[in-house]
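Using the sequences and the hints, build the whole thing.
Here the protein sequences come in this chain order: E and F. Following numbering that gives the first Met the number 0, the residues of the first sequence are numbered contiguously, the last one being 426. Following numbering that gives the first Met the number 0, the residues of the second sequence are numbered contiguously, the last one being 426.
A hint or two may mislead.
Identical chains share a label here; the pair holds if one copy fits it or two copies do between them.
[As the list claims (entries may be wrong)] Result set (DSS-like, lysine-lysine): computed pairs, CA atoms no more than 27 Å apart in a straight line:
1) Lys425 x Lys169
2) Lys168 x Lys96
3) Lys377 x Lys352
4) Lys407 x Lys377
5) Lys36 x Lys252
None of these hints come from the bench; they were simulated from the model.
Spelled out from the first residue to the last, the chains are:
2 protein chains.
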Amino acid sequence: MSTGCYFFSSDNFRGFKYYTGINEALKKIFKSMSQIKNGKETIPLIESLDRIIASDIASNENIPRSDRAAMDGYAVIAEDTFGASENNPAIIEVIGKVGIGEIPKIMGGSGKAVGVATGSNMPQESDAVVMIEYTKVDKNHLHIVRPVVPGQNVLKIGEDIKEKQIIVKKGTRITPQDIGILAALGITNVEVMKKPRVSVISTGDELIDLGDIQKGAKIYDVNRHMTIASIIKLGGEPIDLGIVNDNYEEIKKRLKKAITSADIVVISAGTSVGEQDIVPSVLDSLTEKNDLIHGVSLRPGYPTGLIVINGIPVVSLPGYPVSNAVSFRVFVRPLIAFLLQTEEDLDYTINAKLSRRVVNTGGVRTFVRVRLFMDHDKWVAEPIMASGAGIISSLTGANGLLIIPENKEGIDEGEIVEVQLLRHLKA
Amino acid sequence: MSTGCYFFSSDNFRGFKYYTGINEALKKIFKSMSQIKNGKETIPLIESLDRIIASDIASNENIPRSDRAAMDGYAVIAEDTFGASENNPAIIEVIGKVGIGEIPKIMGGSGKAVGVATGSNMPQESDAVVMIEYTKVDKNHLHIVRPVVPGQNVLKIGEDIKEKQIIVKKGTRITPQDIGILAALGITNVEVMKKPRVSVISTGDELIDLGDIQKGAKIYDVNRHMTIASIIKLGGEPIDLGIVNDNYEEIKKRLKKAITSADIVVISAGTSVGEQDIVPSVLDSLTEKNDLIHGVSLRPGYPTGLIVINGIPVVSLPGYPVSNAVSFRVFVRPLIAFLLQTEEDLDYTINAKLSRRVVNTGGVRTFVRVRLFMDHDKWVAEPIMASGAGIISSLTGANGLLIIPENKEGIDEGEIVEVQLLRHLKA
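If you want it as structure tokens, here you go:
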């Protein structure tokens, strides 16, 4: 069914003969999605925080619109101040003032000082501002004790932003500062990428939902809630399609519904080679092409399945919560970024010293959960021992992920490694 | 008015005789706020992403609730498999199976194999699971070709989470993984800190608001929108109190309204020593104590004002957008974190090589805007030259901030520095 490197040659490890490489799998999926265009929408600027800008935004004017005072003081002709000092102040006439937000009605010029505040438009003919601290007013006469050069304390037209300058680029995840600069231009609405809709399904006869009373051997669904929160964080719009039993027809029905109503479908569990792992066969039945990728060179997370049905990518995540979270990170996150057309990386990383050797199997990308802590002002990454991918407590106990790439057999104790942060660190 | 170190001794720089140190200013404000308790509220778990947990959450049970199979296969007594190999399989009787989510009705024991799937409860008397790959079934007889040891492929009761174990700590900003672990425990609602309400006012005769038609020398308000977005990002609830003119009575009225309706008040502009900078005098008039801090050792951002009125901290931010953003970061952010009772640091940092020497004035904490870029696989931080704090384009052009601490006169070219990230980097 799937293609790719053959490993674990000594045995048919967990039922997969072949494991598709992660990059190869993603490339295949992206290729099948190439016709897909995610929509754009126009929303108010003040609601655009963290949304993705859909196309470059250029300024339609110069900022400032005209020369402005950059200090409180007096607009002058700089030449009038040359040689001024405490003992030998330059003395010129104060002929009026320009308030902030006013178009100057008076004109500067030689021998003339005009009072200005920070942000006032500069009067014509004035070319510099003397700071108020270096002046004294005696009746109508201004005593200046320090010289200024032409242009000093003046913000020139277009100095901040030039007309037609691109100020926010396509693919930008909007920050408070972006909102600031767009507001400066009077931009009330912005065009952003629509939030990709991601349908989320959990499978398993053993699952009950939040609010249900726990009975017998039933357990609460973890993956769906974790996945939905992750989708929100990435800027997608989750569609909660609930829990479905391990029943071929029921899973098929729910998947069909998911595919028609979303841009991406994520289905959890039922993807291994056990008796009740029927998601892969359902996925296979939904296309005529024989192109299901099932089994990837990722640990934890190898039983992941990937396929594109009617242009909609479907990711079948393993049921174990840690495998589920890692596989989501590796496969679903890039799909959301692809639809959002952004290259901005949401992973924050930190360099840390590895406290203990970690090992890898050839050809596999392994995610090691680590706990980061400070030791003598340096970050240390301590691999968390957990006996299986089922140990969800290790995922919340971990605050970082260390990736051992496919071409490395391990990383030695004491090496400096890059760790992806799973949560904010303590100040 | 304010106290603290005296610097710029050669002149009365920008009208301030004294500049209060940043830490001293924050300490004073926190002290005055010590009686303030921010409320808590209970909300659905699935809406709790990024909220702050109000008190430690302990597990009320063991996870798993009983021993569970960690692989698809057969539950056995390990002893029955000792010595098993391809040539010499152990052969025992298959007496039935336990489905996922079922309470086992049959009992294991010596010579007995019970079919299990990953997640099935273990039958009593069985102590290990043989993976399905190492078995063959011949009628009712199971041929086992590899031995297991007791406990192998079994997830023991409480192995993931122990009863009474603290699983999410007070002060945690809830991640998708936290939602996962809380869902595993069937926790439907969580107690989180209320979002601190932050009133936001902009002052300035020159300001117009988004949607207004620009005329004459009027400019669009930048700071209020940038501040509101920053408050949302930090987990606060902004209250938009709009623009107020540079009028003593109007500012006083608006500030009084702000103080009675919020936990923190942020007012922009009108805080320097110019003619129209009347915010500090209004703030002074609102308390009988003479405790306004005005002028701090921060650059850009020195004209910041801070005071606590009726237990509500009021921060008067400078009007220049860059000074405004830096001062918000230094003073308002810790106040929001204080009310949220979280120590989690939202600053992501990266190490980079400084491309050019930057300088500092003694006793001042200086924020240098930098542009980060990759050069030969290493991050380089290039200081952005901008002629004033008014250059808002430099704040969006910058993707990082470099802090020169109070005790350093500068940082040399080529030094490795820690840069606070202002936006996500490219993947």
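To see whether the hints hold, each was checked on the structure:
1. Lys425 x Lys169: between (33 Å within a copy, 13 Å between copies)
2. Lys168 x Lys96: Intra 40 Å, inter 59 Å, cutoff 27 Å: neither.
3. Lys377 x Lys352: both (8 Å within a copy, 18 Å between copies)
4. Lys407 x Lys377: Intra 25 Å, inter 21 Å, cutoff 27 Å: intra and inter.
5. Lys36 x Lys252: Answer is within; shortest intra-copy Cα gap is 26 Å, inter-copy 51 Å.
This entry does not satisfy hint 2, going by the numbered hints stated previously; all others are met.
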